[in-house]
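Please take these sequences and the hints and turn them into a complete structure.
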Amino acid sequence: MILDEDRFFDPDPAIRRIARELYDAVKGLPLVSPHGHVDPAIFADNRPFRDPVELIIIPDHYVFRMLYSQGMSLESLGIRTRDGSPVETDHRKIWQIFGDHYYLFAGTPTGVWLNHELSEVFGVREKLCGENAGDIYDRIQQKLKTPDYLPRAMFEQFNIEVLTTTDAAADTLENHKRIRESGWPGNIIPCFRPDSVVDMSHPEWKSNIDELSGASGIEIDTYKSYIAALEQRREFFKSMGAVSTDQGVAVPYTHELTRSEAESIFERALRGKATADDAASFTAHMLMEMARMSIDDGLVVQIHPGSFRNHNRIVFEKFGRDMGADIPVRTEYTRNLHELMNKYGNDRRLTLIVFTLDESTYSRELAPLAGHYPALRLGPPWWFHDSIEGMSRFRLAVTETASIYNTVGFNDDTRAFPSIPARHDLSRRVDSNFLAGLVARHIIDMNDARTMSRALAYDLARESYKLA
Amino acid sequence: MILDEDRFFDPDPAIRRIARELYDAVKGLPLVSPHGHVDPAIFADNRPFRDPVELIIIPDHYVFRMLYSQGMSLESLGIRTRDGSPVETDHRKIWQIFGDHYYLFAGTPTGVWLNHELSEVFGVREKLCGENAGDIYDRIQQKLKTPDYLPRAMFEQFNIEVLTTTDAAADTLENHKRIRESGWPGNIIPCFRPDSVVDMSHPEWKSNIDELSGASGIEIDTYKSYIAALEQRREFFKSMGAVSTDQGVAVPYTHELTRSEAESIFERALRGKATADDAASFTAHMLMEMARMSIDDGLVVQIHPGSFRNHNRIVFEKFGRDMGADIPVRTEYTRNLHELMNKYGNDRRLTLIVFTLDESTYSRELAPLAGHYPALRLGPPWWFHDSIEGMSRFRLAVTETASIYNTVGFNDDTRAFPSIPARHDLSRRVDSNFLAGLVARHIIDMNDARTMSRALAYDLARESYKLA
Amino acid sequence: MILDEDRFFDPDPAIRRIARELYDAVKGLPLVSPHGHVDPAIFADNRPFRDPVELIIIPDHYVFRMLYSQGMSLESLGIRTRDGSPVETDHRKIWQIFGDHYYLFAGTPTGVWLNHELSEVFGVREKLCGENAGDIYDRIQQKLKTPDYLPRAMFEQFNIEVLTTTDAAADTLENHKRIRESGWPGNIIPCFRPDSVVDMSHPEWKSNIDELSGASGIEIDTYKSYIAALEQRREFFKSMGAVSTDQGVAVPYTHELTRSEAESIFERALRGKATADDAASFTAHMLMEMARMSIDDGLVVQIHPGSFRNHNRIVFEKFGRDMGADIPVRTEYTRNLHELMNKYGNDRRLTLIVFTLDESTYSRELAPLAGHYPALRLGPPWWFHDSIEGMSRFRLAVTETASIYNTVGFNDDTRAFPSIPARHDLSRRVDSNFLAGLVARHIIDMNDARTMSRALAYDLARESYKLA
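Protein chains in written order, with my numbering: chain A, 1 to 468; chain B, 1 to 468; chain C, 1 to 468.
A hint or two may mislead.
Calculated lysine to aspartate or glutamate pairs in the EDC-like style (CA-CA distance at most 16 Å, straight line) [as the list claims (entries may be wrong)]:
1) Lys127/A / Asp448/B
2) Lys224/A / Glu263/A
3) Lys343/B / Glu289/B
4) Lys127/C / Asp83/C
5) Lys27/C / Asp45/C
6) Lys127/C / Asp445/A
7) Lys238/A / Glu317/A
8) Lys127/B / Glu463/C
9) Lys343/C / Glu317/B
10) Lys343/A / Glu317/C
11) Lys238/C / Asp296/C
12) Lys273/B / Asp199/B
13) Lys318/A / Glu21/A
14) Lys177/C / Asp51/C
15) Lys238/B / Asp221/B
16) Lys177/B / Asp45/B
17) Lys27/C / Asp425/C
18) Lys224/C / Glu267/C
19) Lys343/B / Glu317/A
20) Lys127/B / Asp296/C
21) Lys127/C / Asp448/A
22) Lys127/A / Asp445/B
Covered stretches of chain B, as calculated for chain C (at least 3 residues, CB under 8 Å) [as the list claims (entries may be wrong)]:
23) 62-74
24) 346-360
25) 398-410
Keep in mind the hints are simulated off the structure, nothing from the lab.
All residues carry an ideal CB built from backbone N, CA and C; glycine is no exception.
Laid out in structure tokens, this is it:
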């Protein structure tokens with residue numbers, strides 16, 4: 001398993017030659033990671049990663065959901081239970097299961113990322129399988145003990161220009177502080193994610209509000225003080241380098257409540273009396289509010305809608321969230337974003353980036369919206385669509401109506417730190433290949449393609465997220 | 001019209017070479033047909049097929065709906081009316097219409113299957129057209145009189161390892177018995193399809209229940225006896241070789257009723273008082289029940305949702321069902337399957353295969369569900385999507401998230417017996433070409449591809465349907 | 001920027017060779033334009049176009065919406081305000097903005113059309129950019145003053161066989177009359193579009209009805225007289241050459257009201273008391289009525305559903321309709337067209353052409369419907385999907401189920417007159433390439449392909465719209 005130099009490029013010689021040329025010009029650019037879920041503690045601590053399973057399997061639901069779907073229990077893969085009931089602790093044994101079933105990842109982005117990671121990060125040049133699993137485990141394990149494989153060393157080695165984490169509204173950003181105070185120059189910035197204090201249907205909403213009170217130093221007993229606390233936290237996040245916010249919502253419905261409606265609902269919620277309708281209205285209202293605040297403070301707004309979280313109750317109760325059981329649902333944007341777009345979509349001070357898990361909206365709703373409203377930009381293919389075919393479909397569906405310039409480059413959006421170079425490399429290859437297809441069909445010329453290739457690999461992410 | 005050896009393969013030389021190599025290794029494997037609609041009587045009787053029209057046009061709504069859409073009446077094509085009012089009986093004349101309009105099938109899977117069937121089954125090497133229609137009719141007619149073209153001889157010639165029929169819950173499986181008792185070794189097995197006794201909105205539901213009583217020997221006067229009768233029939237089907245059940249539903253909504261709710265609804269239905277809501281609830285409940293029974297008896301569950309049956313009332317009233325007027329509707333899986341997945345989706349004893357006519361669900365809902373729940377597998381592209389482009393889109397949309405190993409290989413799903421080899425051949429070619437595209441782009445290697453190719457052509461169907 | 005001879009063809013040599021051969025045989029065929037929005041006044045007047053901005057930018061929301069999405073104001077692009085408040089009048093300055101941002105159109109159909117138009121219509125062989133914008137403005141400006149660039153001369157030069165405009169029900173077709181009376185043989189015909197007198201929710205519905213009274217000479221004070229007036233206008237449009245009608249609806253819901261229901265709703269509407277439900281019911285009813293009338297008078301019915309018009313209220317209030325802010329919504333056909341298809345879909349005297357902005361309906365609903373009902377045909381990819389990728393996806397999604405023969409060839413559907421040759425050329429190239437892909441994969445043979453290529457480029461449009 002030597003990685004082929006032309007991987008992911010169309011085999012047609014004309015396309016391949018152009019793709020390679022475009023890719024060669026961008027492959028060395030620094031990695032801009034404006035949205036993701038890597039834990040900042042690993043850079044604050046800068047301790048060695050424990051072992052290959054702790055690094056590659058346990059934190060990555062992309063990996064273990066596939067094994068689970070084929071009959072392996074999560075316990076046998078070492079996934080920790082909420083109640084501490086025992087799971088497999090022999091990590092060599094878990095790695096062996098992984099090796100035995102590595103063939104399941106053939107043709108998946110996870111497989112492609114893992115191949116890259118094993119080969120380019122850990123120098124493992126043979127394909128993982130049952131026979132060599134133990135040996136490969138040992139070789140990776142040994143490397144993890146060396147200074148070159150400490151988190152900060154890897155960050156530098158990966159050529160990451162900026163890495164954004166995702167942080168709750170009440171987060172004290174202790175780890176970000178420790179990183180800054182350490183004098184290490186790695187640029188790791190937070191992103192303000194208020195979901196847990198916006199979504200009133202969340203069972204722990206009230207205690208999250210209490211945490212927000214604590215973090216902001218503002219006693220939250222009214223809607224007004226709630227808004228003040230959020231504004232205070234945004235200011236604090238900005239002071240810690242944040243350039244963006246993010247909201248995950250079931251439905252991207254936007255609607256502004258009157259002041260008194262918002263106050264009543266908020267008070268009902270404080271008394272534990274908010275209904276499901278209240279929660280939905282309040283979320284719709286807070287999408288409006290976050291856009292309003294962003295016009296004031298300049299933070300870029302991100303919206304990630306349309307995931308049915310924790311679809312599998314048994315898995316959720318035993319193991320918690322982010323266990324590979326979040327399933328997309330059909331999502332509507334044209335009507336849902338109507339009020340938001342009408343109030344703020346014409347305002348060029350705002351940058352609002354929407355994502356989707358519903359590919360049928362690419363050409364029908366999202367590209368036409370982004371191809372009109374000055375404030376709107378389209379986030380890259382998200383989650384299940386962050387893949388060779390998924391990215392190709394996105395570009396083919398979106399570019400003709402929105403152009404690449406109403407999109408924002410790539411997000412790796414990962415909690416699997418060592419997969420970051422693999423993900424950016426794949427994205428740069430797929431975009432180069434897409435552009436090569438346009439050049440080979442004489443839709444654009446090579447000059448256009450070079451500019452667009454750099455935009456997709458680097459410039460658009462920096463500019464859209466105000467990182468330039 | 002000599003069939004090209006490289007048909008359906010990408011013209012790119014790199015892809016084509018690999019596709020051909022993969023295809024060559026699987027083209028000779030026996031045909032596994034785990035879901036279809038061929039009438040078992042033809043093998044029980046083993047009488048000569050009457051003529052080309054009776055064999056190729058009249059039973060195949062794929063063929064006559066296209067002619068109908070272009071202005072030919074169904075009467076002129078010999079389709080029998082329900083009331084016996086006269087239709088064209090001169091089959092040479094019907095075949096002439098077919099020949100005159102054969103160009104309509106250019107670029108359709110029906111056209112491709114027909115070309116294969118005419119060439120490989122009947123030795124007709126020229127393309128059918130108005131000029132040669134009469135001559136070709138005669139040549140096929142002559143062959144049909146010879147022993148090589150008796151149904152059982154064709155079955156053997158086709159190299160069919162197993163052929164599954166679809167049979168009503170009250171079916172006595174008389175034809176299956178006759179086949180077994182004849183000593184002929186052709187492996188033809190039933191599939192248990194209880195739609196007509198589940199769907200209370202069906203005008204003949206009550207008389208279907210009576211038939212079920214008769215067939216099971218259990219008097220059905222309560223919900224309890226109804227369930228007992230179904231369990232009895234499943235046992236009987238199993239004894240006749242069945243490995244699976246199938247349900248066709250408008251919406252794949254699943255919801256378990258309480259015992260007393262189920263009893264009340266069932267009693268209302270027996271009294272002819274069930275409402276449309278009752279019928280929908282009961283269907284949702286019976287999807288749960290069928291999964292429960294399958295965990296007990298091991299039958300594989302199939303669900304075929306999302307067809308608006310008999311959309312054309314005039315055609316339905318005159319000619320009946322399966323006349324090419326079933327039109328797909330948008331279908332939702334994430335929420336509809338939620339209860340079923342939560343109750344049984346984690347149970348590895350269950351295999352539940354879902355199909356769709358709504359391609360927008362491939363990447364959005366079905367692949368993420370199948371890439372997580374151990375019990376769930378995705379059926380192959382169904383009906384309108386059982387085609388070169390349809391299969392290619394399915395693999396491209398589904399594989400990255402679900403892998404091929406959460407899919408179940410190919411179903412020919414046909415009532416057109418002589419088209420079976422053409423359909424499997426097309427499927428094997430398209431899957432080989434899909435895999436070749438992955439190899440040529442260095443996404444998988446040739447070893448992976450060989451294993452996957454065999455899995456798609458043979459192993460997955462055998463294993464998923466417990467036929468191995 | 002010399003336009004490449006092989007543009008838009010797949011780079012694979014086998015496909016490209018076949019595509020070129022197919023294209024060469026159809027590229028010279030006259031242009032049939034059975035649906036569009038060019039203003040007939042330009043041919044009645046036959047005055048020189050004022051300048052490049054007036055010709056290319058101001059009438060074309062495809063062009064200015066992209067510039068708007070990237071932060072240019074519509075005022076700065078010279079788009080006229082409803083209240084006459086001032087906008088940029090220096091057209092050289094506007095053209096400079098256009099040149100500076102021409103890179104935004106790379107990879108879009110607008111970019112491709114503009115390249116063709118500049119090169120083939122105006123002889124501008126270099127790519128437009130900031131540096132050469134002023135010079136190119138002058139060169140085009142000069143040409144526009146010459147007789148060869150008068151509207152009628154361009155029409156002839158473009159080899160347009162027939163050009164259909166879109167005209168309100170009350171339109172007197174004065175310009176069409178003037179064209180006819182001028183003796184100029186250019187074939188420009190109207191299309192009957194009654195939206196403004198059908199949609200009761202339109203704020204000016206009542207005054208539109210008054211205009212209809214005036215135009216028809218029938219006093220509209222009852223539903224009966226309303227229908228009579230519409231029938232009168234259709235007759236008049238037919239006498240002026242019309243072969244078709246068109247309706248734009250939010251939802252393609254069809255449902256026939258009883259006579260008395262229709263009368264009551266209509267009377268309520270005349271009194272200004274119609275509700276939103278009334279308006280929706282009446283539109284559903286009028287889709288049925290228009291089909292009924294078409295069976296009588298032979299006009300082809302077109303339905304364009306699924307656009308959320310004037311999504312951006314600020315832009316609408318300031319600039320009016322057709323400003324690039326119409327955004328598609330999810331659209332359902334199987335259930336919505338049920339009543340219409342059941343009443344008229346089996347009637348071969350009717351031709352009913354449906355369009356969609358929701359690509360997820362291509363394979364799920366539209367192709368199965370068109371592949372069954374004799375009256376139904378599918379319109380070409382519309383609006384955002386009138387593009388290289390959009391057309392390719394349409395053919396790939398639709399052909400296998402509906403065949404090309406249940407589609408109607410190409411519509412340019414444009415108000416940008418000088419872009420017409422570019423649009424037809426693109427369509428002919430993309431269809432040739434699609435067919436070449438089928439030939440190269442041995443799905444169809446070269447004889448089929450030649451016939452199909454001509455059908456898509458010319459015959460189907462002529463026959464479907466009864467222009468032959």
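* Could you work out which earlier hints the structure fails to respect and list their numbers in ascending sequence? => 4, 5, 7, 8, 13, 14, 15, 20, 25
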